[in-house]
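Protein chains: 2
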Amino acid sequence: MVEIKNIKSMAIRFDISNGLSPDRDSKKRMLSDMDGMYLDNIALKEMISKQDILVYEFYELGIPEEPGHIAFGTTILYPGKVGNEFFMTKGHFHSIQETAEIYYCLKGHGFIVMENPNGITEMQEMNPGVSVYVPPRYAHRSINVSKKEPLISFFAFRADAGHDYKTIETKGFRKLLVEYDGKPKLIDNPKWKL
Amino acid sequence: MVEIKNIKSMAIRFDISNGLSPDRDSKKRMLSDMDGMYLDNIALKEMISKQDILVYEFYELGIPEEPGHIAFGTTILYPGKVGNEFFMTKGHFHSIQETAEIYYCLKGHGFIVMENPNGITEMQEMNPGVSVYVPPRYAHRSINVSKKEPLISFFAFRADAGHDYKTIETKGFRKLLVEYDGKPKLIDNPKWKL
Chain D
338 MVEIKNIKSM
348 AIRFDISNGL
358 SPDRDSKKRM
368 LSDMDGMYLD
378 NIALKEMISK
388 QDILVYEFYE
398 LGIPEEPGHI
408 AFGTTILYPG
418 KVGNEFFMTK
428 GHFHSIQETA
438 EIYYCLKGHG
448 FIVMENPNGI
458 TEMQEMNPGV
468 SVYVPPRYAH
478 RSINVSKKEP
488 LISFFAFRAD
498 AGHDYKTIET
508 KGFRKLLVEY
518 DGKPKLIDNP
528 KWKL
Chain X
338 MVEIKNIKSM
348 AIRFDISNGL
358 SPDRDSKKRM
368 LSDMDGMYLD
378 NIALKEMISK
388 QDILVYEFYE
398 LGIPEEPGHI
408 AFGTTILYPG
418 KVGNEFFMTK
428 GHFHSIQETA
438 EIYYCLKGHG
448 FIVMENPNGI
458 TEMQEMNPGV
468 SVYVPPRYAH
478 RSINVSKKEP
488 LISFFAFRAD
498 AGHDYKTIET
508 KGFRKLLVEY
518 DGKPKLIDNP
528 KWKL
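Quick note, the sequences are listed as chains D and X, same order.
Numbering-wise, the numbering used here comes out as the position in the first sequence, counting from 1, plus 337.
Numbering-wise, the numbering used here comes out as the position in the second sequence, counting from 1, plus 337.
Certain hints may be false.
Identical copies carry no separate label here, and so any pair may be met within one copy or between two of them.
What the hints assert, rightly or not - Capping the alpha-carbon separation at 35 Å, the derived lysine-lysine pairs in DSBU-like fashion look like this:
#, residue 1, residue 2
1, Lys530, Lys345
2, Lys345, Lys427
3, Lys387, Lys345
4, Lys444, Lys427
5, Lys387, Lys342
6, Lys345, Lys484
7, Lys522, Lys345
8, Lys345, Lys528
9, Lys342, Lys484
10, Lys342, Lys485
11, Lys345, Lys444
12, Lys342, Lys512
13, Lys342, Lys382
Calculated directly from the structure, the hints in this document are not laboratory data.
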């Protein structure tokens with residue numbers, strides 16, 4: 338028996354139409370928070386100099402970071418591109434790599450790109466009503482390929498899993514999703530570092 | 338490091354409007370599966386003798402029952418009453434009691450009633466867009482108070498949590514949700530056994 342924090346039940350609202358909660362503040366990732374994450378960093382800098390817009394927002398609710406608890410919330414990823422690369426979340430491994438995550442798409446059109454430390458890449462398409470299971474050991478990133486709509490998902494994972502953002506911030510993903518001939522195309526990341 | 342089964346990513350569809358998956362078969366609980374669960378078992382028997390209708394259905398996707406995995410799916414609880422008691426799921430503890438569960442309501446109107454082994458009861462109202470956090474150690478049951486609509490929720494919990502249905506099947510919940518003066522009312526369960 339692992340000792341756990343006793344907490345009470347909670348009801349937290351996340352509007353199905355826009356993913357936002359009237360009950361909590363979201364964490365926000367602006368273009369300027371994405372420095373170095375996109376292939377075309379010059380295009381990124383130019384965009385920021387014009388307007389530092391919101392790329393995505395998500396919720397961290399402060400669930401105790403213990404193995405018996407489940408962290409949950411929504412991610413709202415707005416439409417856009419940096420160069421020919423679609424707006425995306427930074428993506429992360431879990432600090433406890435052997436923990437899965439589940440996404441349930443409420444709105445929009447996009448992909449989750451996943452890769453494990455052995456270099457296996459997986460990709461799943463998201464449309465409203467699609468749940469995507471990110472298995473243990475896979476870094477994962479959401480990508481919005483819609484021109485108009487935000488990509489909105491409900492997510493859940495073991496609350497002690499933690500986030501390792503640094504590996505991706507340093508090395509990048511092996512694969513990137515870019516627009517090519519008007520369609521999404523997964524390409525090798527020329528900036529990926531072993 | 339816990340050893341875990343390596344599985345690939347998955348995309349499973351659950352229609353947002355009716356909760357049903359075109360990719361998997363649901364598990365179904367008919368009125369006849371609910372023998373002894375409602376206060377008015379005579380009313381239940383009478384209903385079954387007329388037509389053994391579907392009370393609820395849900396998905397078990399066969400995610401490995403290990404602590405690094407997350408089980409997920411939808412529950413579709415249909416509207417109805419047995420006597421003056423609203424249609425509900427059987428409800429269960431997790432076999433590993435120290436594990437939480439998260440529900441995200443997609444449609445309908447209902448409640449989740451929870452109780453822990455110390456006799457503390459909690460209740461949260463569900464409407465579309467409301468996520469309800471069931472903390473570790475709480476048995477939980479969904480109850481549909483709508484006259485027309487199914488109560489549809491997406492759920493996620495640690496895949497090794499397991500289900501202890503027997504405690505509730507034997508003892509019941511301490512509290513029941515019945516219709517009283519046209520409104521839901523939480524009452525003491527006269528049949529509850531210590």
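Hints, verified against the model:
1. Lys530 <-> Lys345: For Lys530 and Lys345, the Cα distance is within 35 Å only across copies (24 Å; inside one copy 45 Å).
2. Lys345 <-> Lys427: Answer is both; intra-copy 32 Å and inter-copy 22 Å each pass.
3. Lys387 <-> Lys345: Answer is neither: 46 Å inside a copy and 41 Å across each miss the 35 Å cutoff.
4. Lys444 <-> Lys427: So Lys444 and Lys427 pass the 35 Å test inside a copy (20 Å) and across (31 Å) alike.
5. Lys387 <-> Lys342: neither (46 Å within a copy, 48 Å between copies)
6. Lys345 <-> Lys484: Cα proximity of Lys345 and Lys484: across copies only (29 Å, versus 41 Å in one copy).
7. Lys522 <-> Lys345: between (45 Å within a copy, 21 Å between copies)
8. Lys345 <-> Lys528: Only across copies: Lys345 and Lys528 sit 26 Å apart there, 46 Å inside one copy, limit 35 Å.
9. Lys342 <-> Lys484: The answer is neither: 44 Å in one copy and 38 Å across copies each exceed 35 Å.
10. Lys342 <-> Lys485: neither (42 Å within a copy, 39 Å between copies)
11. Lys345 <-> Lys444: both (30 Å within a copy, 24 Å between copies)
12. Lys342 <-> Lys512: So Lys342 and Lys512 pass the 35 Å test across copies only (25 Å; inside, 39 Å).
13. Lys342 <-> Lys382: Neither. Shortest intra-copy (44 Å) and inter-copy (43 Å) distances fail the 35 Å Cα cut-off.
In this structure, the earlier hints numbered 3, 5, 9, 10, 13 are contradicted, and the remaining ones agree with it.
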